[in-house]
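One letter stands for each residue in the lines below.
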Amino acid sequence: MSRKPISRIPVAVAVIAAGLGMAACGNPQGVGDDGKSDAGAKIPSRVDMVIPYDEGGGTDTWARFLAPYLKDHVESGPTFLPENKPGGESITGSNEFVRSGGTDGKEVLVTSGTTYYQALLKRPEVEFDFSKMRPLIMNGSGGVIYTSPKTGIKNADDLAKSKKKLTYGGISATGLDLTMLQAMDVLKKPVDATFGFEGRETALLAYQRGEVNIDYQTTSAYKTQVEPLVEKDKAVPLMSFGVLKDGKVVRDPNVPDLPTVEEFYRKMYGKEPSGRAYDSYKSFLVPGCTYQKGLWANEDTPDSIVKAYWASVDKLKKDKKFAKKSGEVLGGYPLYSGENAEKQIQKAFEIDPDARKYALDMLKREYGESLGGT
Amino acid sequence: MLDAAFSALGNLFALSNLVFLLLGVGSGLVIGMIPGLGGTGAVAMLLPFVFSLEPTQALALIIGAVAVVHTSDTIASVLLGIPGSASASVLMLDGHQMAKKGQGARALSIAFLSSMAGGLLGALGLTLSIPVARPLVLSFGAPELFMLTLLGVSLTAVLSRGNMLKGLLAGAFGLLLGGIGAAPAAADYRFTFGSLFLSEGLDLVAVALGIFGIAEIVTLVGTRSSVATGSGLGSGWRTGLRDVVEHWRHVLRGALVGMWAGVLPGLGATAGTWMAYGQARATTRKESKKTFGKGDPRGIIAPESANNSVEAGDLIPTLLFGIPGGAPAALLLGALLAFNIEPGPRIITHDLDIVYTIIWSFALASILGAAACFVLSRPLAKLSFVRFPVLAGGLIVVLFTAGFQDSEQIALLQVMLLLGAIGWVMKACGIPRAPFLIGFVLSLPMERYYFLTANLYKFDQWIVRPWVLILLAVLVVPTVFSLVKKFRSRRDPEASDIADEEEGEGPEPPRIWSIVVPSVFLVVFVAAFVISRGYSSQARLVPGLVTVVGAAMALCALVVGIRARRRAEPQETSTREAWAVEWRAVLRSFAWLAGFVALTYVLGVLLAALVFLPLFLRRVAEMRWLGIAVYTVCTVGALAALATFADIALPIGYLTPVGLL
Chain A
1 MSRKPISRIP VAVAVIAAGL GMAACGNPQG VGDDGKSDAG AKIPSRVDMV IPYDEGGGTD
61 TWARFLAPYL KDHVESGPTF LPENKPGGES ITGSNEFVRS GGTDGKEVLV TSGTTYYQAL
121 LKRPEVEFDF SKMRPLIMNG SGGVIYTSPK TGIKNADDLA KSKKKLTYGG ISATGLDLTM
181 LQAMDVLKKP VDATFGFEGR ETALLAYQRG EVNIDYQTTS AYKTQVEPLV EKDKAVPLMS
241 FGVLKDGKVV RDPNVPDLPT VEEFYRKMYG KEPSGRAYDS YKSFLVPGCT YQKGLWANED
301 TPDSIVKAYW ASVDKLKKDK KFAKKSGEVL GGYPLYSGEN AEKQIQKAFE IDPDARKYAL
361 DMLKREYGES LGGT
Chain B
1001 MLDAAFSALG NLFALSNLVF LLLGVGSGLV IGMIPGLGGT GAVAMLLPFV FSLEPTQALA
1061 LIIGAVAVVH TSDTIASVLL GIPGSASASV LMLDGHQMAK KGQGARALSI AFLSSMAGGL
1121 LGALGLTLSI PVARPLVLSF GAPELFMLTL LGVSLTAVLS RGNMLKGLLA GAFGLLLGGI
1181 GAAPAAADYR FTFGSLFLSE GLDLVAVALG IFGIAEIVTL VGTRSSVATG SGLGSGWRTG
1241 LRDVVEHWRH VLRGALVGMW AGVLPGLGAT AGTWMAYGQA RATTRKESKK TFGKGDPRGI
1301 IAPESANNSV EAGDLIPTLL FGIPGGAPAA LLLGALLAFN IEPGPRIITH DLDIVYTIIW
1361 SFALASILGA AACFVLSRPL AKLSFVRFPV LAGGLIVVLF TAGFQDSEQI ALLQVMLLLG
1421 AIGWVMKACG IPRAPFLIGF VLSLPMERYY FLTANLYKFD QWIVRPWVLI LLAVLVVPTV
1481 FSLVKKFRSR RDPEASDIAD EEEGEGPEPP RIWSIVVPSV FLVVFVAAFV ISRGYSSQAR
1541 LVPGLVTVVG AAMALCALVV GIRARRRAEP QETSTREAWA VEWRAVLRSF AWLAGFVALT
1601 YVLGVLLAAL VFLPLFLRRV AEMRWLGIAV YTVCTVGALA ALATFADIAL PIGYLTPVGL
1661 L
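Protein chains in written order, with our numbering: chain A, 1 to 374; chain B, 1001 to 1661.
This is chain B alone, in the form it adopts within the complex:
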């Protein structure tokens, strides 16, 4: 085993392989930086080369990209509040808050250092666990995976501390949207309304970009300010380094959670990072917990460390069982297959050198990628001080193109716009969006593993399996604890837990909103419940439960809203005026976005950008014509280059000239 490890190391440092690793790291970093492209983008970019290279070179190229794509996707999440990828959306909680205070460089350096550590720990874990990984993975059956997904869904409660009602409402809504498409355990297609496009389900990237990204763009364009309001870059990477060293335990714990989420097939990277964040938040003691969600370094360290170790852990099911956890891992499998290497138990006995080449490449790429980003973190952080409308023009084009990548259905643009509107309403009303995303991500896995468990085991069989009991304890004990605490605090009012009320961001919406919004949710849940009654028994159970819970939450929120409205005095004129300004600005932003989508339908995205960008940059960003010309040419040129050389798909419109198809 050691021989193989060292020969792989020598292999790796052979110049030609190193060059390809660097190329992989470079392209991974660039693709990761573009919001929403992440994994799928890297795959699209590298695919054409993979089948024409030597095996070790192709592996170096892919691994280089896979290892760093989740390092640089942090940048957009932290600095702009737009998810760089679905799994990086978790950084919008603490990372973005920190950047808003003007500490973008600190947030980035924390993220990159944890990323590097996560990647290295992941590679180390991989090396150690290769011999024992097989039995370990096999000891986790359907019941254990079901319990894990349950644990993940229960995080919605942790993440909505302070306003449980709204958090659970959002979580139920996420679970409902996640259930769109083919049911996992029956032949039904749910909530597709006859559309083949919806039968695949909503794409995670498009949903994350819509709910978080577009919602952020409309408000920021409206206010016309920059992201950061603090004073200068101030505390930079030194503080970041100190933060990471001080919270080294969180680095370790995040990496472990990430490894697990990667090793177990079926959970996915997004669930892994959110679970890492949830465990960090749930296990911190009461006093220091209050800073979570407001720019706490631990809220960056844990998920960012997990982010990279997920990818390392994911290599185990990929190599040993042939089960890829995501698009890049699938590409890796395809490349191995093209070189006559099939994954399976024999890969350890026959191709151990390949396995170690992969692990070493991964470790090296993590270091290189994080180092490159670390050096860049200070100049990059200045982005958060640029007037946002200037950035928004390009971002709008990029977001819609990125959301389009996975399904390549143009109808998705409208769905993204709609999700953006929903995201904005949630934001304005203080309905947390984190539980929504967790619900969405875990909806299908939870349902799938529930039915597999129920069909393959009897209840008294699976409930007593050791891992199930452990996970059950993790799930139940903290709940009991907090109930006991609540009971005690009621007798002793001074020790009461002050809820960190999550208020809506921006100006307060008119009171009628707290009645209208829950009513709309109520109608949606009731309608979904009625529709779901038409499905076969195995397809309607989960949507049924979810809609009942959702409707109950919406009803409670409605009652709370009505009572609050009755009790409250009329809003002050200043509040009402602030809202009117905000409302108008947001409507205007939405009109611009809708205009872009309409243009894309007619002209295709390239020509639409050519028309849209000058108009937008002139009217909204008020840039000079020269700047506008350079900006537009660069953006359109970059899109065209990506489409030509990297296989990125561009939406085509009715009137797109044939030459541009």
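Next up, chain A with everything else stripped away, as it sits in the complex:
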């Protein structure tokens, strides 16, 4: 091939090494057109759905399930192309979206509670701000806290009297477990938590093995996985996170027999919950539960695009096929959208610095977790 390979190789290697070194300094995937557009722009015929989670997971399923119905009901009938960019607790994909997504409606972002918490806790890597981005369609979620009959706890009084710390299995303190930890903090019964489970399902497995004795699951998982245990007296449901109605937390219509955390507190202590602990809990609960799954556009996306999505939600609600098939995927929770909803949603993400500080302090105090950033 060549007569003097020895002299050429080092040169070639050096050149390539230099090239790679330069290449390593930047990330070409952040490159894209800036996608700025004027008011009155229409939704393009193909829209990328950026999903910062793995294929086949809950959020992914939610988005992919919704896609064909959106095509039917969003004006001009765009085709939605799901694109998964998992990693970094969903920060990687979301950052990429705000960096290159543009405002011309070519891309929308799919989110879940985990995404929000990274922003609300101000992880230093986060580049997105949901108090400024434009919510297109939101879907709530809920959860049920239950305990093992072996603890002897059946109601609020029992919990108030209990001395021994309950044991809980979680994924990580800064993910979706946060709501649960904060609820127990409001009730002044911090749990003995072990983190490192791979998912809420594995934590449920540990509960069934008797390794932990208090747990929470989303309402749909509760109804399929935990209710059979309740029937066999192997689990005692205590309370639900409730749903938000006109700014107030009320009972979850999916589990109407269960009291909310607020009601539970009243029964335990005979007064309304208040104070820093409760304020902090609520400021995380609303984004993390009420608006848990969502479809977002970048800040400054024109109304003409955003409103087309809002309009589709009314049509979706009237679609009989959608109503019949969406049960498990939406978990029995409503879709939110529209101008009023946008204001409420954006406001929910303007978190009070004191609520954040309290949450971080609580994590440090009870669970020894400390997080970068402020």
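Heads up, some of the hints might be wrong.
[Unchecked claim] Quick list of simulated restraints, FRET-style, between CB atoms:
1) Lys347/A <-> Leu1475/B: 45 to 51 Å
2) Asn1340/B <-> Gly210/A: 28 to 34 Å
3) Asp72/A <-> Ala1638/B: 19 to 25 Å
4) Asn1340/B <-> Lys347/A: 31 to 37 Å
Think of the hints as simulated: they come from the structure by calculation, not from any bench.
Just so it is clear, CB atoms sit at the ideal spot from N, CA and C, and this is done for glycine as well.
Guided by the hints, dock chain B onto chain A, whose structure is given.
Here is chain B on its own, set in the frame of chain A:
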């Protein structure tokens, strides 16, 4: 229960469902054949269809693909020595050795037959165990899982028989790399150096492709020969059939190990196949053991049988507890959810017909897939007689694209290149790479279950649990046995166990390497130890232990190296010349690979392939221009088609035209 089983069977043979099952099998086989794509690739390919089909059809499609994706991934491992998937990398030990001797067809037919048997046994096991699976899974808590991971890690010693020192060094290195990213039991991110990309940890597929695949490519491109050096296909599928029948016990045992690894959430398919291989090797008697690693049929049968039954076993946690063991199982869950079926105990009472549709589809797909591959095994085996540089061009493009799939971060290409270099050095110095991979795979599970055990139980509580005691016995008894044997053999020198020394492949590197390489490992371990001191107590325990063991091993290897160098006479001129040739060839191959990565950074993978392939095929493979044109167009076309129709992600460069984004 029987009613449901039979109605499901009728359901399955309804024509429309059968068609989708066949489609699933077909796409699973094709995706499996492409090195590194495997499970994730199948998911990417099928996802768009799953949500637009009827439930039974979608299930047939997914199950068809899931059941066979680990049948056809064998092909690349056996014939080319490039892992078809992470769990198929185990076949590079015996399967590839057999192919090197020119018996590729035999190796493949053994693999496919065991695969079929494994799949069928898995489906059978699934049918029988559905009623008892729940209590069985629940009886395995964190302590039992911790003991299982320990058992898996201890396999590193089995797999490095002959050179324990180097094997443990490799195992410790694997455990260390496996610990990169978020710590399982604390809020720390370890060894990420501030990069968000590393915070997810290194992707298993990319690591397997780098350490085994790229390392193999550089040497084979360098020598310019074909994989097989033996004489013709010779003994073909008949011999393979005879091998499988003769070792039917290993088929059964492999399937059982695989089932277990699948049923218990948290271990994963790769650990399952390696454990199946390890148990086959560890339980064979002394004399016949020596052929292991040199093309022994049992080294193919056990892991290949486990390979498919893992997927069957994995359906139990998926369906009964909603815990998917891998990407395809997660897709299955998503599809079920979209049809208003949620996993849980009620799936058995309410949707038993669905469960049986899944099981029957699985069995049928295993048979169809293995049969198709079996028919193809003879023509496929000819691949191992093609001049390797011709294959390498396309393989380089495919490997980097496949490694990119999971994280979709372009920085991964450089990491793969680096891992390829490490893999090659390990290969040249006779440091076994199997323990490395086991360590890597089990690193996080071991740490996770250790902390769960320690936090949820007291020591005197968990250590006396029956399963823990059994696993402990499995772990300790053979060690004691071999120590006793060693003690006896010392008194009776004639019965001494001759170590099957695992020498480095290819020409012997200069002696200075046996000093430099351990020193580099030593520096890495010491540096990692120092860095790990900054983490919180729950995040630094395991890296601390691993680096101390690793550093000790590296130090011993260093001492051995120095002593050997002092004792040894200077190398012969012929050895030195052979090494010089090899060294130059490998450097040249690496330069080509690095060039491709650099091109990808600039142009994106599609255009980079368009530039790289003609150059490479002309200069290295010395092909004719017409062949080059056809080859290049086909490869780039296939990539583009996969990206358009199957949702495969392609790396994008700085200057990629907007239309190609």
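Point to revise | Hint check, failures only | key: 1, 3
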